[in-house]
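S.K.: Top to bottom, those sequences are chains A and B. Numbering-wise (my numbering), the first sequence opens with residue 214 and increments by one. Numbering-wise (my numbering), the second sequence opens with residue 34 and increments by one.
If you are wondering where the hints come from, they were derived from the structure by calculation, not from laboratory data. Take the hints with a grain of salt, since some may be wrong.
Simulated crosslink set (SDA-like; lysine to any residue; CA at most 20 Å straight-line) [claimed, not checked]:
hint : chain 1 : residue 1 : chain 2 : residue 2
1    : B       : K42       : A       : T257
2    : B       : K42       : A       : V223
3    : B       : K42       : B       : M52
4    : A       : K294      : A       : F242
5    : B       : K42       : A       : G241
6    : A       : K294      : A       : G253
7    : B       : K42       : B       : A115
8    : B       : K42       : B       : E92
9    : B       : K42       : A       : D252
10   : B       : K42       : A       : K294
11   : B       : K47       : B       : G91
12   : B       : K42       : A       : R316
13   : B       : K47       : B       : E92
14   : B       : K47       : B       : E134
15   : B       : K42       : A       : A255
These are the residues of each chain, in order.
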Amino acid sequence: GQSLEQPSEVTAVEGAIVQINCTYQTSGFYGLSWYQQHDGGAPTFLSYNALDGLEETGRFSSFLSRSDSYGYLLLQELQMKDSASYFCAVGGGDKLIFGTGTRLQVFP
Amino acid sequence: NAGVTQTPKFQVLKTGQSMTLQCAQDMNHEYMSWYRQDPGMGLRLIHYSVGAGITDQGEVPNGYNVSRSTTEDFPLRLLSAAPSQTSVYFCASHLGGSGGEQYFGPGTRLTVT
């Protein structure tokens, strides 16, 4: 089976940098994805790492270490609109299995 | 493109009633999935399909049926609704080889009393 662990909540102030960690256990690994979900909305895709290393997309970066079964999402120059839930997910072939999510609250 | 559409947006059922949640996508994606989301539980995979005529169970399939007769549609059936099925249901689709990028519908909020 698969399981993922991520912190339940993170708080930060505008302009700061925050890192959301994700550790996983899976019997077969394709890659690690990150999704953002605002309250009342649908999840939206942020990033996907299949290989070790850092992927950067604007203010957001995602990192993967396959040997450590670990990844993180890094959010820079935080804005109020970044307040949302963030989910890591393993898979990438035919299906995804999601973690329980991290609620990020950004304060002015 | 409309993307992934789901109907209805809201639904209230009585225990024991049956209903079908509709999901359609117009992106010609081979893969489609159904998830349920409960507070503090994240998204849990119910069923998924890798193409027309092919479906498989996810993490929490009990109490739900699916079929995939066309590429576009992937309905989710609740045969006999139970209060434990009160949840928000999301449908998603993606292309094969797209890595982890799935496109989600707006969701159906279901309450079973």
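S.K.: None of the hints should be skipped; say for each whether it holds.
M.R.: Each hint, compared with the structure:
no. : hint              : result
1   : K42(B) / T257(A)  : holds (18 Å)
2   : K42(B) / V223(A)  : violated (30 Å)
3   : K42(B) / M52(B)   : holds (13 Å)
4   : K294(A) / F242(A) : violated (32 Å)
5   : K42(B) / G241(A)  : violated (35 Å)
6   : K294(A) / G253(A) : holds (14 Å)
7   : K42(B) / A115(B)  : holds (19 Å)
8   : K42(B) / E92(B)   : violated (24 Å)
9   : K42(B) / D252(A)  : holds (15 Å)
10  : K42(B) / K294(A)  : violated (25 Å)
11  : K47(B) / G91(B)   : violated (25 Å)
12  : K42(B) / R316(A)  : violated (24 Å)
13  : K47(B) / E92(B)   : violated (25 Å)
14  : K47(B) / E134(B)  : violated (35 Å)
15  : K42(B) / A255(A)  : holds (12 Å)
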